[in-house]
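Here the protein sequences line up with chains A and B, keeping their order.
If you read the first sequence in the working numbering, its first letter stands for residue 1, the second for the next number, and so on.
If you read the second sequence in the working numbering, its first letter stands for residue 343, the second for the next number, and so on.
These are calculated hints, taken from the structure and not from any lab test.
All C-beta atoms, glycine included, are put in the ideal place defined by N, C-alpha and C.
Some hints here could point you the wrong way.
Computed list of lysine to aspartate or glutamate pairs in EDC-like fashion (alpha-carbon distance at most 20 Å, straight line) [said to hold, decoys possible]:
1. A:LYS163 - A:GLU228
2. A:LYS254 - A:GLU227
3. A:LYS254 - A:ASP230
4. A:LYS254 - A:GLU152
5. A:LYS163 - B:ASP379
6. A:LYS254 - A:GLU330
7. A:LYS163 - B:GLU455
8. A:LYS163 - B:GLU386
9. A:LYS254 - A:ASP268
10. A:LYS254 - A:GLU228
11. A:LYS340 - A:GLU330
12. A:LYS163 - B:GLU453
One side of the interface only, derived from the structure: several residues of chain B facing chain A at Cβ under 7 Å [as the list claims (entries may be wrong)]:
13. ARG363
14. ALA374
15. ARG378
16. VAL382
17. ARG452
18. GLU453
19. LEU459
20. PRO461
21. VAL462
22. PRO463
23. SER465
24. LYS566
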Amino acid sequence: MSDAIIVEALRKVYPPPSGRSGRASAARGAGPTPPATHIAQPDSSADVVALDSLDLRVRDGELFGLLGPNGAGKSTTIGILTTRIMPTSGRAQVAGYDVVAAPHRVRQHIGVVPQRPNPDRNLSTIENLAFHAAYFGLPFDQAERSGRTLLERLGIADKADAKVDALSGGQQQRLMIARALIHEPTVIFLDEPTVGLDPQARLDLWEILRDLHVQGRTIIMTTHYMEEADQLCDRIGIVDRGRLLACDTPEALKARAPGGTLIEVSLDGPAAETLARAQHVAGVTRVEAHGTALHAYSPRGGEVIPGLIAAASAAGRTVTDIHLTSPSLESLFISMTGRKLK
Amino acid sequence: MPATSDAGPARPLAPSPVAERPPVSRFRVFGALLRRDVRVARRELPYFLIRTVMQPVLFLIVFGYLLPKMGFVQRGYTLALLPGILAVSLALSAVQSVALPMVQDFGFTREIEDRLLAPVPMSLIAIEKVVSGALQGVIAACVVLPIARVIMGPMPELELTNPLLVLAITLLGSTLFASLGLFIGTVISATQIGLMFSIIIAPMLMFGCAYYPWRGLDAVPAFKYGVLINPLVYVAEAMRGALTPSLPHMPLVASCAAMLVLTALFLALGLQSFRRRSLG
Numbered sequence: 001m002s003d004a005i006i007v008e009a010l011r012k013v014y015p016p017p018s019g020r021s022g023r024a025s026a027a028r029g030a031g032p033t034p035p036a037t038h039i040a041q042p043d044s045s046a047d048v049v050a051l052d053s054l055d056l057r058v059r060d061g062e063l064f065g066l067l068g069p070n071g072a073g074k075s076t077t078i079g080i081l082t083t084r085i086m087p088t089s090g091r092a093q094v095a096g097y098d099v100v101a102a103p104h105r106v107r108q109h110i111g112v113v114p115q116r117p118n119p120d121r122n123l124s125t126i127e128n129l130a131f132h133a134a135y136f137g138l139p140f141d142q143a144e145r146s147g148r149t150l151l152e153r154l155g156i157a158d159k160a161d162a163k164v165d166a167l168s169g170g171q172q173q174r175l176m177i178a179r180a181l182i183h184e185p186t187v188i189f190l191d192e193p194t195v196g197l198d199p200q201a202r203l204d205l206w207e208i209l210r211d212l213h214v215q216g217r218t219i220i221m222t223t224h225y226m227e228e229a230d231q232l233c234d235r236i237g238i239v240d241r242g243r244l245l246a247c248d249t250p251e252a253l254k255a256r257a258p259g260g261t262l263i264e265v266s267l268d269g270p271a272a273e274t275l276a277r278a279q280h281v282a283g284v285t286r287v288e289a290h291g292t293a294l295h296a297y298s299p300r301g302g303e304v305i306p307g308l309i310a311a312a313s314a315a316g317r318t319v320t321d322i323h324l325t326s327p328s329l330e331s332l333f334i335s336m337t338g339r340k341l342k
Numbered sequence: 343m344p345a346t347s348d349a350g351p352a353r354p355l356a357p358s359p360v361a362e363r364p365p366v367s368r369f370r371v372f373g374a375l376l377r378r379d380v381r382v383a384r385r386e387l388p389y390f391l392i393r394t395v396m397q398p399v400l401f402l403i404v405f406g407y408l409l410p411k412m413g414f415v416q417r418g419y420t421l422a423l424l425p426g427i428l429a430v431s432l433a434l435s436a437v438q439s440v441a442l443p444m445v446q447d448f449g450f451t452r453e454i455e456d457r458l459l460a461p462v463p464m465s466l467i468a469i470e471k472v473v474s475g476a477l478q479g480v481i482a483a484c485v486v487l488p489i490a491r492v493i494m495g496p497m498p499e500l501e502l503t504n505p506l507l508v509l510a511i512t513l514l515g516s517t518l519f520a521s522l523g524l525f526i527g528t529v530i531s532a533t534q535i536g537l538m539f540s541i542i543i544a545p546m547l548m549f550g551c552a553y554y555p556w557r558g559l560d561a562v563p564a565f566k567y568g569v570l571i572n573p574l575v576y577v578a579e580a581m582r583g584a585l586t587p588s589l590p591h592m593p594l595v596a597s598c599a600a601m602l603v604l605t606a607l608f609l610a611l612g613l614q615s616f617r618r619r620s621l622g
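Chain A with its partners taken away, still in its complex shape:
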């Protein structure tokens, strides 16, 4: 089986938001004014690294999920793969074409469902589909017919002639899916497709994606909902701070999750001192300090909580919150990054 998407050492660096890195660095220095030569130096530390050398392969016909918190680099990855963002370095190939050298050949093979519905508000629902198909060279009348069939399948046929402003958020999302499919793409990108959808609309969308997957389309979706990635995807790539931390099937990833329940203990100060004492609490297999939070893993679940509280008290700390997470992609994510997904 060949690869629909190949990403090698992909990197994207944005300039500092102000665009005046020299002055920004000077402004940050609270001490004496730096020498003039200092100001003229490009301040690379002010650059925003959205993607930091990402490698990825997605096979033909695969339903692949990019899982990570907001700002992890998921949308930047999708932006580069759909030719809407230029990478700083590295290479990416979609459907056999390089995204930088032949962007319009890439676009010919892809369908994109954006994070926020962005239909053409000057056109009706069906016109949105027919014109989008026409931009791909399909005859207009034929596109209108297949557009109506698609709307039927997605359950919004009654809105075909409505202005898009008359559609609800969920209906507009369906229209975006229809638009991404109207020109029969082989690779479909969905950027956080279920954000803002009510639970029913989300389940409906899952069904639609499963349908498309059965048809053999390659689907790449980003999400920060782990249960979504877990239930839908053949493979999941876990991304954080612009890097791919792990990439495997949901089952394999869950098997890698640290054993037992994760008990997160929030303290009123740094957790470092509590760490040493917590290691000796009976039933705790592993413990980490993350700022003011203590992460303990135990096969005995909540039973170790009194011991952890006692360890915190002995270190002079007060427990402000306790949270339990059963073994899951989320506990794997937390163990890899020290952060929660959301």
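For this one, chain A is given, so just place chain B on it according to the hints.
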């Protein structure tokens, strides 16, 4: 515009996993983009007419009809006014029909994305916008000319002996302002749109030699040369050269050459800025 030339994948990382699809004809895509704009414009025809015709017609009523009736201005003034009014009509129409939708398209939701995903070079989408804006400029001029004739009465000095020249100047002027619209529309944000009219459009209309001939500024040399940075001057003067050649005007060759240079400049700037916004 080459029909279907295409760069293949550069140094492929792997053989193409999908059945090869022939490249899409750029002419077809261009046609579809134009068809979309025509459909939207047709739907908005009343607004389009009000937007483009209202301002010139009000000027015509006051300066081309009322003031001459009152005896405040001479007959010659209305003759100098007519080509200028046509220039204003086509300029306003062309610049607005590109800049306003462009601001919306690149706004919060980026509605233009459904076109940016078309399998053609992105510049084709910008060029289509300019073509569609230029056509709207020509239509505006064609609508205003007969209205002017009705309001201002018969004008024996008016020459329509060379309609092709008038049409060519209308088309060139419209393309110039549609290109300017592309640049403005991709540079400013939605919140600045009101400012665009106060800071760019209003001074351009007032100092564009539309309501007075450029040669009339001989009396104020600082203005005479200062207004030359204003693209509307060349459109208005070229219109005078074609419609009322017996009255003093800038040499037709000079005004047309300036229009060509400015069109190229604004188109280059507009395409560059469109690309920058598209790859945001």
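Against the structure, the hints come out as follows:
| no. | hint | in the structure |
| --- | --- | --- |
| 1 | A:LYS163 - A:GLU228 | violated, 31 Å |
| 2 | A:LYS254 - A:GLU227 | holds, 12 Å |
| 3 | A:LYS254 - A:ASP230 | holds, 9 Å |
| 4 | A:LYS254 - A:GLU152 | violated, 38 Å |
| 5 | A:LYS163 - B:ASP379 | holds, 16 Å |
| 6 | A:LYS254 - A:GLU330 | holds, 9 Å |
| 7 | A:LYS163 - B:GLU455 | holds, 18 Å |
| 8 | A:LYS163 - B:GLU386 | holds, 14 Å |
| 9 | A:LYS254 - A:ASP268 | violated, 31 Å |
| 10 | A:LYS254 - A:GLU228 | holds, 14 Å |
| 11 | A:LYS340 - A:GLU330 | holds, 7 Å |
| 12 | A:LYS163 - B:GLU453 | holds, 14 Å |
| 13 | ARG363 | holds, 6 Å |
| 14 | ALA374 | holds, 4 Å |
| 15 | ARG378 | holds, 5 Å |
| 16 | VAL382 | holds, 4 Å |
| 17 | ARG452 | holds, 5 Å |
| 18 | GLU453 | holds, 5 Å |
| 19 | LEU459 | holds, 5 Å |
| 20 | PRO461 | holds, 4 Å |
| 21 | VAL462 | holds, 5 Å |
| 22 | PRO463 | holds, 6 Å |
| 23 | SER465 | violated, 11 Å |
| 24 | LYS566 | violated, 39 Å |
Checked against the numbered hints given earlier, the structure breaks hints 1, 4, 9, 23 and 24 and satisfies all the rest.
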